[in-house]
Amino acid sequence: MSVTHMSSDSDLNAWPGSPASGFGHRSRGRTLRNALARAVMWTAFAVAMVPLAWILWSVVSKGGHMLLDSHWWANSQRGITNRIVGGGAVHAIQGTLIQGLVTALMAVPIGVMTAIYLVEYGRGRLAKVVSFTVDILTGIPSIVAALFVYAVWVTAFGFQRVAFAVCLALVLLMIPVVVRSTEEMLKLVPNELREAAYALGVPKWKTIMRIVLPTAFAGIITGVLLGLARIMGETAPLLILGPYTKNIATDLFGGLMPTLPTMINQDRTEVLQPAVDRVWGAAATLILLILALNIAGRLIARYGKLKN
Amino acid sequence: MAKRIDLKDLNVFYGAFKAVEDVTMTVEPRSVTAFIGPSGCGKSTLLRTLNRMHEVIPGGRIEGSVHLDDDDIYAANVDPVAVRRTVGMVFQRPNPFPTMSIADNVAAGLRLNGLKNKKVLAEKVEASLRSANLWNEVKDRLSKPGAGLSGGQQQRLCIARAIAVEPQVLLMDEPCSALDPISTLAIEDLVTELKSTYTILIVTHNMQQAARVSDRTAFFNLAATGKAGRLIEMDDTQKMFSNPTQRTTEDYVSGRFG
Ligand SMILES: Nc1ncnc2c1ncn2[C@@H]1O[C@H](COP(=O)(O)OP(=O)(O)O)[C@@H](O)[C@H]1O
Ligand SMILES: [Mg+2]
Chain A
1 MSVTHMSSDS DLNAWPGSPA SGFGHRSRGR TLRNALARAV MWTAFAVAMV
51 PLAWILWSVV SKGGHMLLDS HWWANSQRGI TNRIVGGGAV HAIQGTLIQG
101 LVTALMAVPI GVMTAIYLVE YGRGRLAKVV SFTVDILTGI PSIVAALFVY
151 AVWVTAFGFQ RVAFAVCLAL VLLMIPVVVR STEEMLKLVP NELREAAYAL
201 GVPKWKTIMR IVLPTAFAGI ITGVLLGLAR IMGETAPLLI LGPYTKNIAT
251 DLFGGLMPTL PTMINQDRTE VLQPAVDRVW GAAATLILLI LALNIAGRLI
301 ARYGKLKN
Chain B
1001 MAKRIDLKDL NVFYGAFKAV EDVTMTVEPR SVTAFIGPSG CGKSTLLRTL
1051 NRMHEVIPGG RIEGSVHLDD DDIYAANVDP VAVRRTVGMV FQRPNPFPTM
1101 SIADNVAAGL RLNGLKNKKV LAEKVEASLR SANLWNEVKD RLSKPGAGLS
1151 GGQQQRLCIA RAIAVEPQVL LMDEPCSALD PISTLAIEDL VTELKSTYTI
1201 LIVTHNMQQA ARVSDRTAFF NLAATGKAGR LIEMDDTQKM FSNPTQRTTE
1251 DYVSGRFG
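Chains as they are written, first to last, in my numbering: chain A, 1 to 308; chain B, 1001 to 1258.
Mixed in with the good hints, there may be bad ones.
Straight-line Cα separation of at most 25 Å, BS3-like style, residue types lysine-lysine; simulated pairs [unchecked claim]:
id	chain 1	residue 1	chain 2	residue 2
1	B	K1008	A	K204
2	B	K1018	A	K206
3	B	K1008	B	K1195
4	B	K1227	B	K1008
5	B	K1119	B	K1139
6	B	K1018	B	K1008
7	A	K187	A	K206
8	B	K1119	B	K1144
9	B	K1139	B	K1118
10	B	K1119	A	K206
11	A	K206	B	K1116
12	B	K1144	B	K1118
13	A	K204	A	K187
14	B	K1018	B	K1227
15	A	K206	B	K1118
Listed next, the stretches of chain A that the computed footprint assigns to chain B, with coverage defined by at least 3 CB atoms under 8 Å from CB atoms of chain B [as the list claims (entries may be wrong)]:
id	stretch
16	166–175
17	199–205
Treat the hints as calculated values from the structure; they're not laboratory data. Predicted model only: the values in this text are computed from it and were never measured. Here a beta-carbon is modelled for each residue, glycine too, at the ideal position from N, C-alpha and C.
Okay, chain A solo, but in the shape it has when bound (with noise of 0.2 Å):
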């Protein structure tokens, strides 16, 4: 690559990139770059994994044990205290399960139907304001939306502390998550669709309910799983709303509900070992849960996907 003969044409006409100078070589300057801007990334990626696979490791080796004992998975803590090894954690995954359940089934109408609103029907200004309430739920604190439940619940209505009041702060938190991916999903189905439905004599409501909703359901059900996941780990609503119990309680409306983060929370404090072996392991599965969640979202936007 001389540039010292400029006497030809086909000399002048080469600009360093063009084909008439050939392929050449990667200069230096960029070479370097690319090295560096790899070695930043890949710094950027290993800060970010490190926390990650620590925290897996600790909750692993320190509560990974318990699950592998069958009582973990069938009995509750009734009757066991801090200095007794034993009793298992299925009154706490029964009752996150539950909550999720009962949450999930409030928040996945409402959610969804945000969405279809906001992007089938919305127009101006009523569809603004929609979706800036959902911005703003979206950046409500947990810990918000459990003092605002019990301002009203508890404050306003006087009603007990029960599991239903943990499920409307949950629902709080889980609306936002829904109407958003819902919304996502609604919106990668080709509008030719929609079209093809209308060209056929089809109402629109029709159409939304038979042709959009299903073709986008499997994207929709992995937002929810990952909402889901996202509430299941919550534990300000619990500490507020939903104290712990060691028997095993599934009224949503009377009495104490107990849950995984709420077993944890209740044991934390404690050093005698099978209380510190209960709390990690009371982490491990929750972490397990949220975990069996993500990848069936996964999976389901893997396998369900559209075709075409």
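Could you slot chain B with the ligands onto chain A? The hints should help.
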């Protein structure tokens, strides 16, 4: 079955933008009419006013009138959904419903409009696929996804889907522009067969195609980008391609612009 279409002083708008201006034309039943003209002159826009799909777009509205036989399809008491059952449409890109099988795609319009009888549905599916010249290719895999067919087969599937609801008019917006030459010929043959039953309007960029399939040709043009498209001339296809009255028509069909 087929109906006559009358457009009178039709202006079509996107919000404040007038995309099509002052179109008056008559389309006879059981004929094929080709819409030709350079990109952006409003062919698709005009076509979509004929089944009231234009108003699906925010800001979409018209002035003037559109009659099917003697019915004003824009009259105040007319349900656009009913108009669309009468005036079917095939789009530029094949768009079968991805969640549905071949048979379900064809049956979609009927089923979503409340037909439940399985036997009747199966009969209509077969009849429509036969009319669309697709039956022999798909009869052994009716329960497979429609998206698994080739582009040309998908487009014929979409035609089968459109005619399954027994419309009177069939609108086709560049139905072959995404297809290979063999599939294109298959669709052209199909259009020629379907014209004994339907009134067909077809937008095409392909002059040979317009010459091959249509009885009448309408040429649209626009004075400049950003201006409204106008109907320049409409006549028998043969005359439009051999001896048009307007100079711009001659320039366009002979490939001098557009
Ligand atoms: N959804 C839309 N919103 C606003 N303007 C549009 C829209 N679709 C088309 N137009 C405009 O209308 C005019 C006619 O477009 P179109 O009917 O698609 O032309 P053709 O089909 O002849 O190529 C063009 O100027 C185009 O930019
Ligand atoms: Mg067009």
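- Item | Hint consistency between K1008 (chain B) and K1195 (chain B) [alpha-carbon to alpha-carbon, up to 25 Å] | holds (24 Å)
- Query: Is K187 (chain A) close enough to K206 (chain A), meaning Cα to Cα at most 25 Å?
  - Reply: With Cα atoms ~17 Å apart, K187 (chain A) and K206 (chain A) stay inside 25 Å; holds.
- Hint consistency between K1008 (chain B) and K204 (chain A) [alpha-carbon to alpha-carbon, up to 25 Å]: Between K1008 (chain B) and K204 (chain A) the Cα gap is close to 29 Å, so the pair fails against 25 Å, i.e. violated.
- Query: Within the stretch 166–175 of chain A, is the number of residues with a Cβ closer than 8 Å to a Cβ of chain B three or more?
  - Reply: Coverage by chain B is violated for the stretch 166–175 of chain A (0 residues, Cβ < 8 Å).
- Item | Given coverage of the stretch 199–205 of chain A by chain B, checked by CB-CB distance under 8 Å (3 or more) | This one holds; 5 residues, not fewer than the three required, reach chain B with a Cβ under 8 Å.
- Is the straight-line distance between the alpha-carbon of K206 (chain A) and that of K1118 (chain B) 25 Å or less? At roughly 20 Å apart (the allowed maximum being 25 Å), K1118 (chain B) and K206 (chain A) satisfy the hint.
- Is K1018 (chain B) within 25 Å of K206 (chain A), Cα to Cα? violated (32 Å)
- Pairwise hint evaluation, K1144 (chain B) against K1119 (chain B), where the allowed Cα distance is 25 Å at most: It holds: about 19 Å lies between the C-alpha atoms, which stays within 25 Å.
- Message: Next pair to validate is K1018 (chain B) with K1227 (chain B); report whether the Cα-Cα distance is within 25 Å.
- Response: Given pair K1018 (chain B), K1227 (chain B) holds - Cα atoms ~7 Å apart, limit 25 Å.
- Query: Within a Cα-Cα threshold of 25 Å, do K204 (chain A) and K187 (chain A) meet the stated pairing?
  - Reply: holds (16 Å)
- Query: Taken at face value, is the distance from the CA of K1008 (chain B) to the CA of K1227 (chain B) at most 25 Å?
  - Reply: Within the cut-off at roughly 20 Å; holds.
- Query: Between K1119 (chain B) and K1139 (chain B), does the CA-CA distance stay at or below 25 Å?
  - Reply: Satisfied, since the Cα-Cα distance of roughly 16 Å is no more than 25 Å.
The structure fails hints 1, 2, 16 (numbered hints given earlier, in ascending order).
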